[in-house]
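In the numbering used here, the protein residues as written are 1 to 137.
One or more hints might be untrue.
As the list claims (entries may be wrong) - Straight-line alpha carbon distances no greater than 20 angstroms define the calculated SDA-like cross-link-like pairs of lysine to any residue that follow:
(1) LYS11 x ALA102
(2) LYS68 x ILE80
(3) LYS14 x HIS83
(4) LYS11 x HIS87
(5) LYS14 x GLY108
(6) LYS11 x LYS69
(7) LYS69 x PRO43
(8) LYS14 x LYS68
(9) LYS11 x GLN57
As the list claims (entries may be wrong) - Label-pair ranges, simulated between beta-carbon atoms:
(10) LEU32 x ALA110: 39 to 45 angstroms
(11) HIS134 x LYS68: 34 to 40 angstroms
(12) GLU95 x SER59: 31 to 37 angstroms
(13) LEU126 x VAL41: 30 to 36 angstroms
(14) PHE1 x GLU95: 23 to 29 angstroms
(15) VAL49 x GLU132: 40 to 46 angstroms
(16) PRO19 x PHE50: 26 to 32 angstroms
Since the hints were derived computationally from the structure, they do not count as laboratory data.
Since we're looking at a predicted model, the values are computed, not measured.
Positions of the beta carbon are idealized from the N, C-alpha and C atoms, including for glycine.
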Amino acid sequence: FDEGFMRVLGKGNKERLVPIGREAVKHLHFYLGGVRQHLTVQPGNENVVFLSMRGRQLSRITVFTTIKKLAELAGLRQTISPHTLRHSFATHLLEGGADLRAVQEMLGHASITTTEIYTHLDRDHLRQVMTEFHPRS
1 FDEGFMRVLG
11 KGNKERLVPI
21 GREAVKHLHF
31 YLGGVRQHLT
41 VQPGNENVVF
51 LSMRGRQLSR
61 ITVFTTIKKL
71 AELAGLRQTI
81 SPHTLRHSFA
91 THLLEGGADL
101 RAVQEMLGHA
111 SITTTEIYTH
121 LDRDHLRQVM
131 TEFHPRS
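Make a model of the complete structure from these sequences and hints.
Have a look at this one:
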């Protein structure tokens with residue numbers, strides 16, 4: 001990941017490379033050189049980045065629970081899930097002008113139509129902006 005990419009294993013063991021920012025790389029180095037270094041890695045988990053205290057891959061439930069707790073600690077009232085973060089990521093990219101095909105690749109969608117769902121949200125946002133700010137709307 002020092003080159004700004006991380007290998008991600010998605011649904012159906014589909015592998016893809018996802019770009020990661022400098023801040024994320026910095027924090028990954030901190031984690032890998034700290035806590036992660038002291039965990040006993042269970043066989044078959046050698047290439048897993050985030051491990052449980054038992055040295056195994058984190059379960060989906062553990063990830064969901066952790067994100068939910070962190071959101072509550074941050075004072076967020078709505079339920080935040082891994083999907084919420086994924087959804088926000090895609091929406092922000094598209095609202096910022098990212099190419100739909102690139103977003104599809106990052107999310108690991110097999111079909112572009114799945115990714116197009118996020119463009120409708122973007123259109124709703126554009127409609128809202130026009131309604132709110134255009135004098136003749």
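Each hint tested on the structure:
no. : hint                               : result
1   : LYS11 x ALA102                     : holds (18 angstroms)
2   : LYS68 x ILE80                      : holds (6 angstroms)
3   : LYS14 x HIS83                      : holds (18 angstroms)
4   : LYS11 x HIS87                      : holds (16 angstroms)
5   : LYS14 x GLY108                     : holds (8 angstroms)
6   : LYS11 x LYS69                      : violated (25 angstroms)
7   : LYS69 x PRO43                      : violated (29 angstroms)
8   : LYS14 x LYS68                      : violated (26 angstroms)
9   : LYS11 x GLN57                      : holds (15 angstroms)
10  : LEU32 x ALA110: 39 to 45 angstroms : violated (31 angstroms)
11  : HIS134 x LYS68: 34 to 40 angstroms : holds (39 angstroms)
12  : GLU95 x SER59: 31 to 37 angstroms  : holds (32 angstroms)
13  : LEU126 x VAL41: 30 to 36 angstroms : violated (48 angstroms)
14  : PHE1 x GLU95: 23 to 29 angstroms   : holds (26 angstroms)
15  : VAL49 x GLU132: 40 to 46 angstroms : holds (42 angstroms)
16  : PRO19 x PHE50: 26 to 32 angstroms  : violated (18 angstroms)
The structure is inconsistent with the numbered hints 6, 7, 8, 10, 13 and 16, although it conforms to all the rest.
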